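Residue numbers (this note's numbering), protein chains in the order written: chain Z, 1 to 257; chain H, 1 to 257; chain L, 1 to 305; chain W, 1 to 305.
Any given hint could be a false lead.
No farther apart than 20 angstroms at their CA atoms in a straight line, the calculated lysine to any residue pairs in the SDA-like style are these [what the hints assert, rightly or not]: (1) L:K246 with Z:F254; (2) W:K221 with Z:G96; (3) L:K221 with H:P48; (4) W:K221 with W:A172; (5) W:K246 with H:P75; (6) L:K221 with L:S21; (7) W:K246 with H:L67; (8) L:K246 with Z:R257; (9) L:K193 with L:R70; (10) L:K193 with H:R182; (11) W:K221 with Z:F254; (12) L:K246 with L:L83; (13) L:K221 with H:Q99; (14) W:K193 with Z:Q99; (15) L:K246 with L:A291; (16) W:K221 with W:S21; (17) L:K221 with H:T62; (18) L:K193 with H:G96; (19) W:K193 with Z:R182; (20) W:K193 with W:L5; (21) W:K221 with W:S7; (22) W:K246 with H:R257; (23) L:K221 with H:G96; (24) W:K221 with W:A13; (25) L:K193 with H:G25; (26) W:K221 with W:L5; (27) L:K246 with L:W264; (28) W:K246 with W:L83; (29) L:K246 with Z:L67; (30) L:K193 with L:S21; (31) L:K221 with L:S2; (32) W:K246 with H:F254; (33) L:K221 with L:L6; (34) L:K246 with Z:E66.
Residues on chain W that point at chain L, a partial pick, calculated with CB under 8 angstroms [said to hold, decoys possible]: (35) L154; (36) H296; (37) P300.
If you're looking for bench data, these hints aren't it; they were derived computationally from the structure.
Since the structure is predicted, the reported quantities are computational estimates derived from the model, not experimental observations.
Built from N, CA and C at the ideal position, the CB exists for glycine as well.
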Amino acid sequence: MAAGDGAYTPQELMVVCAARQIRDGEVVFVGMRLPLLAFALAKRTHAPSAIGLFENGLVRDTPSRELLMTMGDAPNILGAEWATRTVALMGLLAQGCAQLGFVGGAEVDRYGNLNTSYVGSREHPTVKLPGSGGGADIASLAGRLAIIMEHERRRFPERVSYITSPGYGDGGDWRAQVGLPRGGPAAVITTRALLGFRDDTHEMQLLSWHPGSSIEDVRAHTGWELAVAPEVHETPPPTSDELRIIRECDPQGFWTR
Amino acid sequence: MAAGDGAYTPQELMVVCAARQIRDGEVVFVGMRLPLLAFALAKRTHAPSAIGLFENGLVRDTPSRELLMTMGDAPNILGAEWATRTVALMGLLAQGCAQLGFVGGAEVDRYGNLNTSYVGSREHPTVKLPGSGGGADIASLAGRLAIIMEHERRRFPERVSYITSPGYGDGGDWRAQVGLPRGGPAAVITTRALLGFRDDTHEMQLLSWHPGSSIEDVRAHTGWELAVAPEVHETPPPTSDELRIIRECDPQGFWTR
Amino acid sequence: MSDKLLSMSDAIARYVPDGSSVALGLALEPLIPFAAGHEIIRQRRRNLTLIGPISDILFDEMIGAGCVSRIAAAWVGNVSEGLGYNYRRATEHQQPHAITVEDYSNYSVGLALLAAALGVPYIPMRSLLGSDIARNHPHLRNEPSPLDGTPTLLVPALQPDVAIIHVQRADAEGRAHAWGGLGICEEAALAAKGVIYTAEEIVPAEVILSDPNRVLAPAFKTLAVVHSPGGAHPSPVQGYYNRDHKAYAEYHEHSRTPEDFAAWLQEWVIDQPDRAAYLDHLGTERWAGLALREHHYAAPVDYGY
Amino acid sequence: MSDKLLSMSDAIARYVPDGSSVALGLALEPLIPFAAGHEIIRQRRRNLTLIGPISDILFDEMIGAGCVSRIAAAWVGNVSEGLGYNYRRATEHQQPHAITVEDYSNYSVGLALLAAALGVPYIPMRSLLGSDIARNHPHLRNEPSPLDGTPTLLVPALQPDVAIIHVQRADAEGRAHAWGGLGICEEAALAAKGVIYTAEEIVPAEVILSDPNRVLAPAFKTLAVVHSPGGAHPSPVQGYYNRDHKAYAEYHEHSRTPEDFAAWLQEWVIDQPDRAAYLDHLGTERWAGLALREHHYAAPVDYGY
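For reference, chain Z alone in the conformation it holds in the complex (with noise of 0.2 angstroms):
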């Protein structure tokens, strides 16, 4: 944020948040963009038994040598441990051998709910989004699910009009009502916060202010009344290691400028 030696882009602080969600050893439905940094910056810093999987059928224990547009790129396929057919990908993905996954979205609500589908109405949309993708099925099956958006108020309405990806619906134990085997957003890395949910509601809450940003900044860009966690801080900046890393990855900042 600041100038100087510790300046660094908002994206940049989000891939930091991205990466410390991942754990030594675990298995992480990468995606695209941000999180696909993160996955190399987690493997290079504090979890380098990672393992990342991609809805097109690729397994990796090695982040790709070259920054990616897509995760079909050709150097995406090139190390790969495993490339197959994505039915059978996701059906692991459906046994629950992916501890975490990372999905991003265009709306985001209370209750984590994303929607990347329709804007408006389903039969009068203002806007048609791309749709699920693999996105919806992440949420549905990974054991926690980490969010990223843009931290705008638009975006964060207080209930989506579509859920494309469930969340926790209207709260509390609707995932085991409507019959979801595990998971649930544990994390929405933003570009002005970290947020998290409570264990017994499962509504969002503030954990992190990012440096530059505040409570009241949050709360101004959420559309409804955001809770705080009782051990709300801001958020730790991304280390000069970090950093490096994140840099070497992506030198032009395709991504993260």
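Chain Z is already provided as a structure; the job is to place chains H, L and W on it using the hints.
The following block gives chains H, L and W in isolation, referenced to the frame of chain Z:
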């Protein structure tokens, strides 16, 4: 049967009868032993475009270069046009892609039901047979079924004690009633005769007796009052070309002597 | 064995009639049969149902060209750039006309094709429970499992009329080798009534038969094989060429308005009679820039005995 | 990445406890992990459930040795010779003790493992309808399809505790290449809680990583990798050795009576501390007679970019 130039074994005649079941261009679930030779014979005579399926996941449009003891023998892999998972292969059978399938059995009854599981009761079998393998799937799902049997009275009971591979149940439209999507036995090729099934009742009937046998002989070795088709006749013997090809495929007479 | 080699125009004319359901883009971002899609557009095919997992701009192009009346897919857009403008215009403003959207996720569209491939009526899954994808879908159906009463979502079998699959190499008899990220290619090839392969190379049958484990599907499912070098551009083909990221950015820029898109379509599709002309229009320098920089060969495998 | 290389005795001692459900013989006639099965017998494992499609004498050996309390399989016997005498004695005369038999067909046992691999509760099929396999089965269940009311047979997911898979080559980190006829190896590897690979060769990771499409399953499913050259004898390993047909005939002859079988077991299993000793006992001449006569290499595949 007879000595001299035209001499042949019962197995050789059975191979010829089996080959005649294969129509050109058909996709055939081949199996092992005599049907495998029948497939090779048909390919080299009237059905050059027939395709062979094997339940270990193979598709072949040429017979293997060597005689096989099992479908998994290495010569059966070499030159296969597809070597896949059993489930993917059997899925094609389930879709209805195989016009014909071959199975053998220990017992077959009046309505073409096969037992390859338990002689006597399931709880206290007098003989435990190896079981279905893929036979019950082929009998359930192939377009037509050709059954290969030794013709002995004990192998032709009026009603099998255990239906491993469904034929026509107790006749009529039983297959449709139980939900089988298609198929049913079209031919029973035995050491004594070729038998078929009536279109309406689906009861087995004698179509032709093999040279050296007779209507009486066949009925004497069948465990119920066997019906006889109006057009019943003697089975045409193998031609010298057919015999030559069979003997090229099985020069030691491993399956045919 | 019959020779199934056809020109692209003959293959599309013969096997992709108006009203067909067509699965394509099945490997997700790579091996997208753009050349086939462009021929479908040139032949002015109408009322197609497009089936796929994600679609990286090809569906958007075909929607904008007016070929499509129905989409059964998990994601339609531009993977590296975001939204698909033609998809938006069709769904938001019925331009060039209205389309019906059947939303899937990647897993559920894969399972729908797998169910057809297995010859089973449906597969009961536990993904998407509670989502609006499940609630609004014309085919997905919430049912308790007869085994224990817990909720499941039944994914009915989906059988495309034809799957169009771009591969590295195929033989004239209808067998293909594909490698890299393959997505739901196999499920679609086995599920479809028939398959059209478009291939970088046509090779002797011995090449394909040398490695039967790598064959995608049996030849009796194959309708046609089309020699189409460069036929996946701008998507990548492992071992042949890389993704042309710039082309996706350009498409994004040049499809913002219907007028922009019409000009883009004229330039890149209508005015190019075939893929050779297209690659020529792309230019040798740009094409060379996508070429392999390194070879990485698979370790030898011996099928001998 | 952790090193998962273990000796056969350690792998079996650690990962195949009494009472386990064990899937093996998954490629049907080839790649049968006889060396692993013999080690299980030597370690006097008890109350195992054996899961497989057909089993070409290995299940019969293990039943005769008293390791097995339950069989979930499509076929148990001796493929080139016929019946399995130990299987008959166990089911007909409860010798050496009674076993429970859950009869499947090849398709249904494959679908049961596939359901577990897909994380779905069951797969509804139309095979076996009307059969006594369906009627007598403890798990298969006749239910009308909720889609149209037609009969289906639900095949519930079957998750083995461990799958033991013999392969041509594996690396120490737990990744394997297998080729040839593979039957239900993949379904079992993905369905099982963990996998033990026994391999003709242990190769550097680079060899396996050079061809990710040929890898059977991800390493995080792998419990152990065992170097076991000749470990599939008498079954064949494509590219390594042929089937020893004579061994199946000999086994048939020498398992007719419990006494015959006890002597056979003593000679070929109990008295051989490991596979090297077994092959030594087999004799170099007989082993050499099974060697490859011709190599047939797969056509090159380039993963470069």
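Okay, which hints does this one fail, numbers in order? 11
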